[in-house]
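> Sequence:
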Amino acid sequence: MKPRLITFKKLSPSFYRQPTLDVAKALLGKILVRSIEGGQIAGRIVETEGYIAATDAACHAYRGETARNRSMFGPAGTAYIYRSYGIHWMLNIVTEPEGEAGAVLLRALEPLETLEQNLHTLRRNRANANRALEKKLTVVQLANGPGNLTKAFAIDRRLDGVSLQSDELFIATAPEVSATDVVVTTRVGITQGRALPWRYFIKANPFVSKGRPS
DNA sequence: GCGAAGATTGGCT
DNA sequence: GCCAATCTTCGCC
148 MKPRLITFKK LSPSFYRQPT LDVAKALLGK ILVRSIEGGQ IAGRIVETEG YIAATDAACH
208 AYRGETARNR SMFGPAGTAY IYRSYGIHWM LNIVTEPEGE AGAVLLRALE PLETLEQNLH
268 TLRRNRANAN RALEKKLTVV QLANGPGNLT KAFAIDRRLD GVSLQSDELF IATAPEVSAT
328 DVVVTTRVGI TQGRALPWRY FIKANPFVSK GRPS
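Residue numbers (my numbering): 148 to 361.
None of these hints come from the bench; they were simulated from the model.
We put the beta carbon where it would ideally sit given N, CA and C, even for glycine.
Some hints could be false.
Pairs of lysine-lysine residues, derived as PhoX-like cross-links and limited to a Cα-Cα distance of at most 25 angstroms, are as follows [stated by the list, open to error]:
{"no.": "1", "residue 1": "Lys283", "residue 2": "Lys298"}
{"no.": "2", "residue 1": "Lys282", "residue 2": "Lys350"}
{"no.": "3", "residue 1": "Lys298", "residue 2": "Lys157"}
{"no.": "4", "residue 1": "Lys298", "residue 2": "Lys282"}
{"no.": "5", "residue 1": "Lys156", "residue 2": "Lys298"}
Label pairs and their calculated CB-CB ranges [stated by the list, open to error]:
{"no.": "6", "residue 1": "Asn277", "residue 2": "Ser231", "range": "20 to 26 angstroms"}
{"no.": "7", "residue 1": "Gly308", "residue 2": "Thr154", "range": "23 to 29 angstroms"}
{"no.": "8", "residue 1": "Glu245", "residue 2": "Glu315", "range": "17 to 23 angstroms"}
{"no.": "9", "residue 1": "Gly186", "residue 2": "Asn275", "range": "14 to 20 angstroms"}
{"no.": "10", "residue 1": "Lys283", "residue 2": "Gly186", "range": "19 to 25 angstroms"}
{"no.": "11", "residue 1": "Asn275", "residue 2": "Ser159", "range": "43 to 49 angstroms"}
{"no.": "12", "residue 1": "Glu323", "residue 2": "Glu260", "range": "20 to 26 angstroms"}
{"no.": "13", "residue 1": "Thr338", "residue 2": "Thr213", "range": "14 to 20 angstroms"}
{"no.": "14", "residue 1": "Glu281", "residue 2": "Pro222", "range": "20 to 26 angstroms"}
Between the sequences and the hints, there should be enough to build the whole structure, so can you do that?
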């Protein structure tokens with residue numbers, strides 16, 4: 148039975164004030180919600196990575212504040228969005244107190260099938276009017292990578308610096324994922340900080356991205 | 001002012 | 001497995 152309406156409860160600001168790696172772990176299982184024209188789209192977070200400026204050379208803010216990474220220095224619980232490889236937008240959740248920089252990269256989502264029109268809207272966003280692609284995309288492919296999920300959720304630089312207490316983009320509460328179901332590895336696609344085990348994903352979840360630890 | 005590199009993806013060999 | 005696509009930012013000349 149698919150409910151016609153789902154009420155989402157936003158994670159409180161205090162959730163994001165936990166240490167970065169605690170937030171990265173605790174975000175697993177939570178629901179990313181995006182309000183756009185035509186309704187809400189949502190997905191369950193199944194893969195994250197932590198980045199901490201103070202000790203982590205892979206973090207964009209390791210060498211201090213710049214124009215690009217400015218929102219990472221803002222209050223915990225805001226969005227940090229940047230362009231990757233000239234092609235993809237990456238969505239991060241800012242952590243650490245204002246003035247210090249840290250963030251959690253959202254790497255993969257499991258689309259909610261119980262939300263009306265959700266898969267249809269995600270497919271449309273991913274395919275971007277390409278009818279052939281729209282038909283080909285499986286549910287797994289809709290948001291199983293950091294660049295794919297921003298495309299599916301219509302997320303770009305316009306949302307950089309937005310508070311996650313806003314209605315257009317927020318994260319909703321959901322039952323905690325059991326510690327035995329969380330897998331910890333090193334991060335994907337980086338050249339610095341390769342040894343740090345700061346990637347988290349839900350064990351055996353088919354929506355986790357295909358990126359291998361570097 | 002300019003060049004190199006990047007927290008990726010998908011298609012082809 | 002390898003590689004191109006594409007563009008913004010940063011760091012250095």
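> Could you tell me which of the numbered hints above are not met by this structure, giving the numbers in increasing order?
2, 11, 14
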